[in-house]
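Undergrad: Given only the sequences and the hints, what does the whole structure look like? Please build it.
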Amino acid sequence: MAKKPDPPPQPLTPAQTVWLLATGLMATAPLASQVPTWLTVVAAGAFLWRTLLAWRRLPLPPRGLLITVTLAATAGVFLHYRTLFGQQAGVALLVVFMALKQLEARAARDGFTIVLLAYFLTLAQFFEDQSIPIAATMIATVLVATAALASLADAEGHPAALLRLTGRMLAQATPFLLILFLLFPRVQGPLWGLPRDAYAGLTGLSDSMAPGTIQSLAQSDAIAFRVVFDGEAPPKRAMYWRGPVLTRLDGRLWRPGDTRRLDAPPYAPLPGSPAYAYTITLEAHNKPWLFALELPETLPPDAFFTSDFQLHARKPVRERRRYTLTSYPQVGFAAEAPAVLAAALQLPAGMNPRTVKLGAGWTALGNPAERVERAIAFLQAQRLTYTLRPPLTGEHVADEFLFDTKRGFCEHFAAAFVVLMRAAGVPARVVTGYQGGEKNPVDGSWVIRQSDAHAWAEVWLDGRGWLRVDPTAVAAPARIEADLAAALPEGEPLPLFARPGFDCLRALRYQWWAINNRWNQWVLGFDPERQRALLARLGMNSPDWRRMTVWLAGLSGLVLLVLSAAMFWRRPRLDPEERQWRRFTRRLAKRGLPRQPWEGPQDYAHRVAKELPGAADDIRAIAALYASLRYGHAAPDALAALRRRVAHFKP
Amino acid sequence: MPSSPNATPLAAVLAAANGIILGKERQIRLALACLLARGHLLIEDQPGVGKTTLAHTLARLLGLDFQRIQFTSDMLPADILGISVFDRETGRFRFHPGPVFTQVVLADEINRATPKAQSALLEAMEERQVTVEGETRPLPQPFFVIATQNPAHQLGTFPLPESQLDRFLMKIALGYPDRAAERALLEGRDRRSLLAETAPILSAGILLAEQQQAATLRVSPALLDYVQALVAHTRGTGQTGLAPRAARGLIAAARAWAHLAGRDHVLPEDVQAVLPAVVGHRLAAAGEARDAEDIGRALIEAVPIP
Numbered sequence: 043m044a045k046k047p048d049p050p051p052q053p054l055t056p057a058q059t060v061w062l063l064a065t066g067l068m069a070t071a072p073l074a075s076q077v078p079t080w081l082t083v084v085a086a087g088a089f090l091w092r093t094l095l096a097w098r099r100l101p102l103p104p105r106g107l108l109i110t111v112t113l114a115a116t117a118g119v120f121l122h123y124r125t126l127f128g129q130q131a132g133v134a135l136l137v138v139f140m141a142l143k144q145l146e147a148r149a150a151r152d153g154f155t156i157v158l159l160a161y162f163l164t165l166a167q168f169f170e171d172q173s174i175p176i177a178a179t180m181i182a183t184v185l186v187a188t189a190a191l192a193s194l195a196d197a198e199g200h201p202a203a204l205l206r207l208t209g210r211m212l213a214q215a216t217p218f219l220l221i222l223f224l225l226f227p228r229v230q231g232p233l234w235g236l237p238r239d240a241y242a243g244l245t246g247l248s249d250s251m252a253p254g255t256i257q258s259l260a261q262s263d264a265i266a267f268r269v270v271f272d273g274e275a276p277p278k279r280a281m282y283w284r285g286p287v288l289t290r291l292d293g294r295l296w297r298p299g300d301t302r303r304l305d306a307p308p309y310a311p312l313p314g315s316p317a318y319a320y321t322i323t324l325e326a327h328n329k330p331w332l333f334a335l336e337l338p339e340t341l342p343p344d345a346f347f348t349s350d351f352q353l354h355a356r357k358p359v360r361e362r363r364r365y366t367l368t369s370y371p372q373v374g375f376a377a378e379a380p381a382v383l384a385a386a387l388q389l390p391a392g393m394n395p396r397t398v399k400l401g402a403g404w405t406a407l408g409n410p411a412e413r414v415e416r417a418i419a420f421l422q423a424q425r426l427t428y429t430l431r432p433p434l435t436g437e438h439v440a441d442e443f444l445f446d447t448k449r450g451f452c453e454h455f456a457a458a459f460v461v462l463m464r465a466a467g468v469p470a471r472v473v474t475g476y477q478g479g480e481k482n483p484v485d486g487s488w489v490i491r492q493s494d495a496h497a498w499a500e501v502w503l504d505g506r507g508w509l510r511v512d513p514t515a516v517a518a519p520a521r522i523e524a525d526l527a528a529a530l531p532e533g534e535p536l537p538l539f540a541r542p543g544f545d546c547l548r549a550l551r552y553q554w555w556a557i558n559n560r561w562n563q564w565v566l567g568f569d570p571e572r573q574r575a576l577l578a579r580l581g582m583n584s585p586d587w588r589r590m591t592v593w594l595a596g597l598s599g600l601v602l603l604v605l606s607a608a609m610f611w612r613r614p615r616l617d618p619e620e621r622q623w624r625r626f627t628r629r630l631a632k633r634g635l636p637r638q639p640w641e642g643p644q645d646y647a648h649r650v651a652k653e654l655p656g657a658a659d660d661i662r663a664i665a666a667l668y669a670s671l672r673y674g675h676a677a678p679d680a681l682a683a684l685r686r687r688v689a690h691f692k693p
Numbered sequence: 387m388p389s390s391p392n393a394t395p396l397a398a399v400l401a402a403a404n405g406i407i408l409g410k411e412r413q414i415r416l417a418l419a420c421l422l423a424r425g426h427l428l429i430e431d432q433p434g435v436g437k438t439t440l441a442h443t444l445a446r447l448l449g450l451d452f453q454r455i456q457f458t459s460d461m462l463p464a465d466i467l468g469i470s471v472f473d474r475e476t477g478r479f480r481f482h483p484g485p486v487f488t489q490v491v492l493a494d495e496i497n498r499a500t501p502k503a504q505s506a507l508l509e510a511m512e513e514r515q516v517t518v519e520g521e522t523r524p525l526p527q528p529f530f531v532i533a534t535q536n537p538a539h540q541l542g543t544f545p546l547p548e549s550q551l552d553r554f555l556m557k558i559a560l561g562y563p564d565r566a567a568e569r570a571l572l573e574g575r576d577r578r579s580l581l582a583e584t585a586p587i588l589s590a591g592i593l594l595a596e597q598q599q600a601a602t603l604r605v606s607p608a609l610l611d612y613v614q615a616l617v618a619h620t621r622g623t624g625q626t627g628l629a630p631r632a633a634r635g636l637i638a639a640a641r642a643w644a645h646l647a648g649r650d651h652v653l654p655e656d657v658q659a660v661l662p663a664v665v666g667h668r669l670a671a672a673g674e675a676r677d678a679e680d681i682g683r684a685l686i687e688a689v690p691i692p
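Here the protein sequences come in this chain order: A and B. Residues 43 to 693, numbered by my numbering, are exactly what the first sequence covers, in order. Residues 387 to 692, numbered by my numbering, are exactly what the second sequence covers, in order.
Please note that the accuracy of each hint is not assured.
Partner residues aside, some chain B positions facing chain A, computed with beta carbon under 10 angstroms [to be verified]: (1) 604; (2) 612; (3) 649; (4) 650; (5) 686; (6) 689; (7) 690.
Sample of chain A residues facing chain B (criterion: CB under 8 angstroms; computed from the structure) [to be verified]: (8) 639; (9) 643; (10) 645; (11) 672; (12) 673; (13) 675.
It is worth saying that the hints were derived from the structure and are not from the lab. We put the CB at the ideal spot given by N, CA and C, even for glycine.
TA: Encoded structure:
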């Protein structure tokens, strides 16, 4: 560029300003849940201010004021996050910048900044939430941002025309999107979401249990995982999704035992045991354990068994994860390690004296199996009530539950039963996880929600191994046979999706879940394994990243070629009168009277009319209508008249 | 060729002109279109085919005053533009306007004069005003120059340079009359006396209004596409193509042609009708001595109507 004083930049037109405001709003609004409230207010204020200025055609605020506000907001972000880096602070900062940039958008250059920022923030929308609605929002944001870009290039552009142009551009980009999605070499690990703070504050089972822990989960609609059975599914009452196993009791708190040093005892499916093959899509829950039906035979890659048959990933599950298992409900155990059995007998001294006394009374019974039966019979006899709102208990949880309040949630049942068994000298422990689930009739998949969280117990019987005992089933069989809603007395608060009724919504909901499931499996869960499987099905066996890159480049080139060829060959879009005219001339050409490419309508009509005196009037009229439409001042109905005439024209 | 309704005065002019100059319908029409488009006309032909008569007839029928300047090799610019003469009675210089201060000027055998004299006229044509001795005087309205020139190969001529040729909107040839027309010419009365008896049909005022009206005819985007395609085709071939001025001239001439046909919009046919006359001399000037008609025809047939 020549060295001369820069010409004053072209100020933004009102239309461009509106486009940029829309772009900024669309890019930042979905992020409102990711940034602190005060920041949302600041950003909304900036947008509102800018809108007002544009409305009233007032000048933009002075630079000094903007710098002050920007510094203050940056300081606010720093105070809130204690850093300016990292995902959350970075997004917050960019939201601030986007909002304040609107207030100094004077020329096209500022517009470009806003659009680029919008593209980046669009990506940030995916950090928090990767659902279909967010993906739709992202596409809409990209559409508007690109249209804003187009309006910066073409200040006169009509909004609809700009959107059309952008839509066409995005449509042309779609084949590349698909190719890149399918073929771009995948890395193991989250594609979106930075590992550090991506999944802070997710709900799920924790590795300890106190009264109220599971009860709090029962209020949550959040999905824990989805299951697709390959073949037959077990009956719902047998669906025990095993999670953390809690062996150690510290006062009121149940904790996992020290399991890592020991290997899981060998076990084998009993002959005649049914086998269930299934694939679980586990939501991120920021804890290392995986869930499985009791008990899986094989391990998913990158996972191991603890000595109490807990399926563990090597790292916390911070992204949605799919794994396939085969489980056998009936297994036979070899001997259990003495240390494990000893741990399963531990009781804190001086706690739950009444329960311990009761259990200890049964030690006289020689057979541990009998002791278990006695305990179950005792629970039944106590007429315990299953409720989501158990009364608060003091230190001796099991005592108060069994003898005083007699009202409890599954954790009370399981904990009290385990205490009772231990006192009776039977090794026992609490198992937490999920029970049951909801089947989606649309695609046959099962959805297991946090409200399905459950706690049960298992006891060790020599010769038979670990046996599951669900004390809740004793008191409230409906919890296991049907679902939580059926088991609870009328009027207990329940999450929306667990409530019965709402039948009209239910069908819609199932559809939505089915779509979501597909989305999770095929879009979000498109990991290296899936990619390999898909490519193998397409005939690319054992593709490595080099071959995939070659394919990627080749296919992209091919699509580019096809698109350019289509654009190159596509005849210019014809005006309606031109289309009619061509129809007309084609018909005459079939009669051996083709129009020369350089022949004007009047000359052509004149020539042809002489050859076809019978159709001369029609020919002249059509040519006159066409000429008036294309070159002159046409009457309002001329096009319709031309269409009619051409349609009826039979040379 | 589309026939225009006889009701319009312009059609009456054409009919009357055709009664005087026989067998030259097309050339008369082009000449009138050139005048309507505010262009100037160059006629290249043999002496004695009726160039002067054409110019005179148009001037007469349109009610314009007319002067003929015979260009010679010893001609000076003052002979065309006029001169200031000292008036002894008033003691001042008085400007005697030259023959160029006329509505229709016939510049006969323009290529006989030296380039200096030629350019004096051509500048007046372009500017539509004359500056003599520091004073600028406007030329009358309308102002129409019909220049004639002998074919370039004749002796004692100074061919007009390309830049000057460009000042003429059209160049036409009259050509020999065909057999029937010549017979009628020979049988009929002397053209001059016939002309002297003819009454004007139009006046300068009406003609100016017609010029204005012609300039507002609708030229649709599709037609502009066509004109641009034509112009682009001449530029693509390596030789000198048509300048934007030529494209503007083409549109103006096509408008005038369509106006003569009584239409309110311009068709590709109008462009094609005036094209050889408008572009022939501009393209042929680039070296080849081809007939303007051939050049125009070749161009038309090479470019499809978009």
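Undergrad: Against each hint, give a clear statement of whether it holds in the structure.
TA: Each hint, compared with the structure:
1. 604: 6 angstroms, holds
2. 612: This hint holds: residue 612 (chain B) lies near chain A, its Cβ roughly 9 angstroms from the closest one there, short of 10 angstroms.
3. 649: At about 7 angstroms, which falls below the 10 angstroms cut-off, the nearest Cβ of chain A leaves the hint on residue 649 (chain B) intact, so it holds.
4. 650: 6 angstroms, holds
5. 686: This hint holds: residue 686 (chain B) lies near chain A, its Cβ roughly 5 angstroms from the closest one there, short of 10 angstroms.
6. 689: Holds, because the Cβ-Cβ distance from residue 689 (chain B) to chain A comes to roughly 6 angstroms (cut-off 10 angstroms).
7. 690: 3 angstroms, holds
8. 639: Where the cut-off is 8 angstroms and the nearest Cβ of chain B is about 3 angstroms from residue 639 (chain A), the hint holds.
9. 643: 7 angstroms, holds
10. 645: Nearest chain B Cβ about 5 angstroms off; hint holds.
11. 672: 5 angstroms, holds
12. 673: 5 angstroms, holds
13. 675: 6 angstroms, holds
In terms of the numbered hints stated before, the structure departs from none.
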